[in-house]
Amino acid sequence: MAAANGTGRPSRPSNLKRNLWIAGATALFIWAALSVNVNLADLASLPSGLWLILTKMIPPDLSYLKSAVPAMIQSIEMAWVGTIIGATLSLPLGFLGAKNVSSPLVANTMRQILNAIRAFPELILAIAIFIPIAGLGPVAGTLAIGLHSAGTLGKLTAEAIEGIDAGPVEAARAAGGRGLQVQRWGVLPQVLPELIGFWLYRFEINIRASAVLGVVGAGGIGFLLQQTIVFGRWPLAGTAILVVIVATILVDTISGNVRRRIIEGSDVQVTSEAEITDPALAAR
Amino acid sequence: MTAVAPATRRPAKPPRSRIVFVGIAAFIIITLVSVSEEWGIGLDIGGIIEDLGNGRVILEQLLDPNWAFLPRVVQPLLETFQIAVVAAFIGCGLALPISFFASRTTVPNRLTLTISRGILSVVRALPDFLYALIFVAAVGIGPLGGIMALIFFNIGVVAKLLSETVDAVDTGPIEAVDAGGSDRTQMVRWAVLPQVLPNYVAYSLYAFELNVRASTVLGFVGAGGIGFLLRVQYQFQAWSNVSVIVICLFVIVFVIELISIRLRRRLV
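First to last, the protein sequences are chains D and S.
Position in the first sequence (from 1) plus 144 gives the number in this note's numbering.
Position in the second sequence (from 1) plus 18 gives the number in this note's numbering.
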């Protein structure tokens, strides 16, 4: 009981730095919460407002399926083609962006270009570049998805290539491989399973991203969602939302299974739910 | 020596599994249907290349930003930042307990697990802009709709990533606290939480980053922030003003990402 201080237990390491971070973050939150222009009366009306919407949406008007399903299919097609465009562009960009394949100067420049592409959301790419070029419609949306995906996939590809084993590359070189041959036989086989995983993951994200493009007339189910909700046609909106949920979960499940199969191979018992948890992958 | 049949020099290639062919066939068919004029989006690459010039007039204006517009961008940009901060704090705060309900490690009951994961995949299936539409309809135009939308969006992202991290924790500490006689809450607090805390903070920073990026989309449907200004200028076809907004957004996204990546790297 009366043991001298410090002899019983080692003293705790200082938490000062951590506590300062927590205090700073809390202060930021309090500042933002107090200064943001939110009316407390609006906040109080939130539960009743939501409840009203929910009761109006149920039961959904299922006759609207004949409009909502084709629109959702168009969203999925936009995401699919956009992902293919992005993946195709990202291969050369990713190889050039990898320090162990290209020169450090080229790699750094390419990384900055990829960062710049990624900073523009699909919506901005659609309104500022692709709608003027391709006109209103799903093609503009698809191209916007494709370009943005090229940015994210290119970055992930470059990082994957930088993580490869140098052995096969040396082997390909020793066997007389040149330039592209080394990339084809020494690099690509090592990263391909991972890349296909990235592509499928991107496809899942693009389905969600494609929804918003409908708001500016770039195709997909977003237009129906916006029209039905803004004009308060809740039974129709309920049907459209239902279609979005079912289709997205369906595609996620299929794509997730394919991804797991590719990464783990066919010999492995598929029990693990381990997925790609690198948050950079979820970049939309 | 000379008469060795060629087949003996190399081992035979393993036969390609059927599933690869099925996969390639499915890929080709889906792609052809998707690009077709009749059933798909009608992608015509030749036509697009011909039309590339159409964008020139707008592009020229975009490349000539109207800097006099800059003062009007400051306030909405600040609002975007505030919305992102508030939503990230509340959303990520809620995601922490939720993710423990969605992991095998902390919830051994299969039924509870299936239900909580089911709810989570529904939350994740709705895109951020759909949340924004619904909440704007419920509470009216303004940042509250945006905050609520991003809260749900953040719960979806962080709870998913974190529950997978919890699935993969080291079971040693769990056995240790079990042996020490802990109940489930104590187990989560002392054996699981310390292991996943750095990842949790990293995912939360990442969610914050996504929130700033989402602001264009939110404002477009009236949920506050810079997107609303963007929409108005877009509808007026004031491309030099759009350009200023896009550049400001680009800079803020870039800076936040830079800080966030640096912090995340230190954490994990």
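No lab work stands behind these hints: they were computed from the structure.
Here a beta-carbon is modelled for each residue, glycine too, at the ideal position from N, C-alpha and C.
Where hints are given, some of them may not hold.
[Unchecked claim] Quick list of simulated restraints, FRET-style, between CB atoms:
1. D:ILE407 - S:PRO29: 44 to 52 Å
2. D:VAL402 - S:PRO32: 33 to 41 Å
3. S:THR130 - D:GLU306: 35 to 43 Å
4. S:GLY158 - D:PRO248: 51 to 59 Å
5. S:ARG280 - D:PRO154: 25 to 33 Å
(request) Give me the numbers of the hints this structure contradicts, sorted from smallest to largest. (result) Hint check: 1 and 2 fail, others pass.
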